[in-house]
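From first to last, the protein sequence lines stand for chains A and B. Residue numbering for the first sequence is 1 to 293, as defined by this note's numbering. Residue numbering for the second sequence is 1 to 312, as defined by this note's numbering.
Warning: the hint list may mix true and false statements.
Short, incomplete list of chain A residues facing chain B, as computed with Cβ under 8 Å [claimed, not checked]:
id : residue
1  : Leu13
2  : Val24
3  : Gly50
4  : Lys52
5  : Asp56
6  : Pro127
7  : Thr274
I should point out that these hints are in silico values taken from the structure, not numbers from a laboratory. Bear in mind that the values here come from a model prediction, so they are computed numbers and not experimental data. Note that CB positions come from ideal geometry on N, CA and C, so glycine has one too.
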Amino acid sequence: MSTRRIGWATVFLAVPLIAYVAAVVGPGLYSFYYSLTDWNAVGGTATFIGLKHYRDMAGDEHFWLALKNTAIWTAVAVVVPTVVGLALALGLAQVQRMQRLIKSLFFLPLALSLVVVGQVWFWIFRPEDGLLNLVLGHVGLGSWQHSWLSDPSVAFWSVLVAWCWQQVALAMVVFLAGLTGVQQELVEACKVDGANARQRLWHVIIPALRPAFAVVVSLSMINALKSFDIVYVMTEGGPFRKTETLALLVYRTAFKTYDFGYASAVSVVLFLITLVTIGLFFAWTNREDHQNA
Amino acid sequence: MPETAVLTRGPAGEESSADEGRHHDGAGRGGRAGRRGRGERSGRAFAIVLLLIFGIGFLTPVIGVVLTSFKSNPEIAAHGLWTPSGDLTTDNYLKAWSDGNARTYLLNSFLVTVPATVISVVLGSLVGYVVAKLRPKGSGLITLFFVAGLFVPPQILLIPLFKLFNVNGLYDTLWPMIIVHGGYGISLCTLVMRNFFRSVPDELREAGLIDGAGEPRILASVILPVARPALAALATLQFTFIWNDFLYPLVFTRSDEVRTVMVGILSLQGQFSVAYGTQAAMAVLASLPTMAVFIAFQKHFIAGITSGAVKG
Numbered sequence: 001m002s003t004r005r006i007g008w009a010t011v012f013l014a015v016p017l018i019a020y021v022a023a024v025v026g027p028g029l030y031s032f033y034y035s036l037t038d039w040n041a042v043g044g045t046a047t048f049i050g051l052k053h054y055r056d057m058a059g060d061e062h063f064w065l066a067l068k069n070t071a072i073w074t075a076v077a078v079v080v081p082t083v084v085g086l087a088l089a090l091g092l093a094q095v096q097r098m099q100r101l102i103k104s105l106f107f108l109p110l111a112l113s114l115v116v117v118g119q120v121w122f123w124i125f126r127p128e129d130g131l132l133n134l135v136l137g138h139v140g141l142g143s144w145q146h147s148w149l150s151d152p153s154v155a156f157w158s159v160l161v162a163w164c165w166q167q168v169a170l171a172m173v174v175f176l177a178g179l180t181g182v183q184q185e186l187v188e189a190c191k192v193d194g195a196n197a198r199q200r201l202w203h204v205i206i207p208a209l210r211p212a213f214a215v216v217v218s219l220s221m222i223n224a225l226k227s228f229d230i231v232y233v234m235t236e237g238g239p240f241r242k243t244e245t246l247a248l249l250v251y252r253t254a255f256k257t258y259d260f261g262y263a264s265a266v267s268v269v270l271f272l273i274t275l276v277t278i279g280l281f282f283a284w285t286n287r288e289d290h291q292n293a
Numbered sequence: 001m002p003e004t005a006v007l008t009r010g011p012a013g014e015e016s017s018a019d020e021g022r023h024h025d026g027a028g029r030g031g032r033a034g035r036r037g038r039g040e041r042s043g044r045a046f047a048i049v050l051l052l053i054f055g056i057g058f059l060t061p062v063i064g065v066v067l068t069s070f071k072s073n074p075e076i077a078a079h080g081l082w083t084p085s086g087d088l089t090t091d092n093y094l095k096a097w098s099d100g101n102a103r104t105y106l107l108n109s110f111l112v113t114v115p116a117t118v119i120s121v122v123l124g125s126l127v128g129y130v131v132a133k134l135r136p137k138g139s140g141l142i143t144l145f146f147v148a149g150l151f152v153p154p155q156i157l158l159i160p161l162f163k164l165f166n167v168n169g170l171y172d173t174l175w176p177m178i179i180v181h182g183g184y185g186i187s188l189c190t191l192v193m194r195n196f197f198r199s200v201p202d203e204l205r206e207a208g209l210i211d212g213a214g215e216p217r218i219l220a221s222v223i224l225p226v227a228r229p230a231l232a233a234l235a236t237l238q239f240t241f242i243w244n245d246f247l248y249p250l251v252f253t254r255s256d257e258v259r260t261v262m263v264g265i266l267s268l269q270g271q272f273s274v275a276y277g278t279q280a281a282m283a284v285l286a287s288l289p290t291m292a293v294f295i296a297f298q299k300h301f302i303a304g305i306t307s308g309a310v311k312g
């Protein structure tokens with residue numbers, strides 16, 4: 001009986017295993033190997049050169065810039081959607097009439113691809129006839145107008161705004177789902193006990209949303225670390241690489257200059273950063289959970 | 001949200017009484033509002049107005065692209081992208097469809113998205129079922145192995161896959177996207193389906209065994225019918241992800257005939273660099289399938305996001 005169960009388990013696992021190894025595990029391991037070679041042309045050969053690329057990376061200003069950009073990008077892309085998404089979810093939970101319709105409208109950005117999001121925001125940020133500059137001109141803030149995507153001092157933040165716009169919707173969805181799990185009786189009881197809205201929020205609702213917070217933070221973190229589409233569509237990393245993330249650096253190094261070995265090394269670093277960041281976050285939430293338990 | 005409840009707690013129905021209680025609570029809210037202080041009610045009205053204003057601002061980008069898609073290109077050239085216009089036209093859609101290859105791009109996207117969605121959901125369900133219900137030794141490690149893919153940035157896969165597809169002649173076809181999404185999606189599908197199957201009572205499978213059914217038979221005719229809401233959630237999610245993907249088709253294709261619609265949007269930008277109306281029409285066309293799926297399966301979509309992310 002039991003051997004038959006194990007037999008079927010093996011059968012069921014066989015095809016997924018092959019597909020997963022072919023698409024994910026194998027290529028991942030190959031990237032580790034390529035990062036140790038000098039492969040730098042489409043038909044070229046890969047000769048083993050050890051850790052040279054990693055040493056080169058330490059002295060590569062483009063790498064450090066992309067790393068810094070990725071770090072700031074990730075920090076903002078976690079904090080802003082979490083805060084704004086929570087506020088919106090708390091607001092939306094109050095809506096009683098036409099709730100479905102209103103919720104659907106707020107969720108809409110989630111179904112949009114980053115290419116379309118990037119394109120729309122590209123139009124908003126156009127210097128001559130973009131919406132943002134038009135509005136600023138109309139309300140008398142003409143001096144605030146910028147070439148939002150080509151001015152090196154603001155381009156990074158402009159792209160980040162577009163990114164956060166979509167991530168807010170994601171955070172809001174998760175928080176709203178979490179809010180339906182907050183026991184209404186408990187909130188009502190606090191009200192009876194004379195707790196005001198702010199006390200209820202801090203001492204009842206937010207603690208009850210812990211799992212939702214964990215989901216929002218880990219999702220936004222993973223998404224932010226691999227951000228590529230929106231940057232590519234809006235600026236291609238420019239001006240002067242001010243908006244280049246690690247993900248974009250991998251793409252550019254591999255498929256514009258065909259330095260596959262070095263690009264592999266950068267992709268390995270990106271992978272390790274992702275692993276460590278997420279690992280630390282999970283370890284931290286687990287410890288908190290144990291302390292609270 | 002009942003679907004989330006199904007996903008996380010399963011069909012056993014243990015929690016149904018709690019859910020019902022919540023519904024009653026919702027219905028009773030109107031009655032209690034009378035007892036609430038006037039300050040609270042005006043506070044709520046204020047919050048709703050604020051929300052509306054914010055909502056309109058939030059949706060401006062979406063509204064803008066839809067309006068632009070109905071404006072004629074000469075008018076946009078004369079008055080700018082964001083100036084409202086009285087004359088609306090469908091020319092942009094016709095142009096995107098005929099000159100802009102929208103038909104080819106959309107067809108390619110379907111040819112990639114549908115099989116890749118099916119493959120990833122089927123394969124992920126198999127793994128999820130094995131680790132949740134058959135539980136061979138090392139199930140924990142097997143789960144970790146398959147779910148770890150969630151933390152692998154796609155960039156680390158690009159270069160070896162690019163080489164692989166070049167060597168075996170699949171570069172510049174639709175196959176790379178089907179294969180990679182089918183395999184990469186297993187991680188999320190395994191996680192969601194494992195969480196779901198864990199909530200299915202073991203008795204269901206045992207009853208099947210007693211009736212003399214084999215494992216494949218039990219999976220197909222006992223377990224999968226119960227799993228329908230979870231499968232719908234997952235399929236909705238995967239469809240959206242794969243349809244919206246841009247990186248793989250960017251790297252693994254080159255010719256216009258095999259472009260998916262997301263890469264097509266960009267090529268249209270290069271081709272008709274000032275025809276904003278046409279570009280907007282293309283963006284709307286590219287978004288329609290996910291919008292349709294999203295509106296039809298909204299509850300599933302949200303359940304998928306929330307449950308897929310919840311670590312079990």
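Hints and how they fare:
For Leu13(A), the interface hint holds, since its Cβ comes within 8 Å of a Cβ in chain B; the closest pair sits about 6 Å apart. For Val24(A), the suggested interface contact is upheld, since its CB lies about 5 Å from the closest CB of chain B, less than 8 Å. Checking Gly50(A) against chain B by beta carbon gives a least distance of about 18 Å; that is not within 8 Å, so the hint is violated. For Lys52(A), the interface hint is violated, since its Cβ never comes within 8 Å of a Cβ in chain B; the closest pair sits about 17 Å apart.
Hint status for Asp56(A) relative to chain B: violated, with the closest Cβ pair at about 17 Å, above 8 Å. Interface restraint check: Pro127(A) against chain B, minimum CB-CB distance 12 Å, threshold 8 Å, status violated. At about 6 Å, the closest approach between the beta carbon of Thr274(A) and any beta carbon in chain B falls short of 8 Å, and the interface hint on this residue holds.
Violated hints, in rising order: 3, 4, 5 and 6; the structure is consistent with all others.
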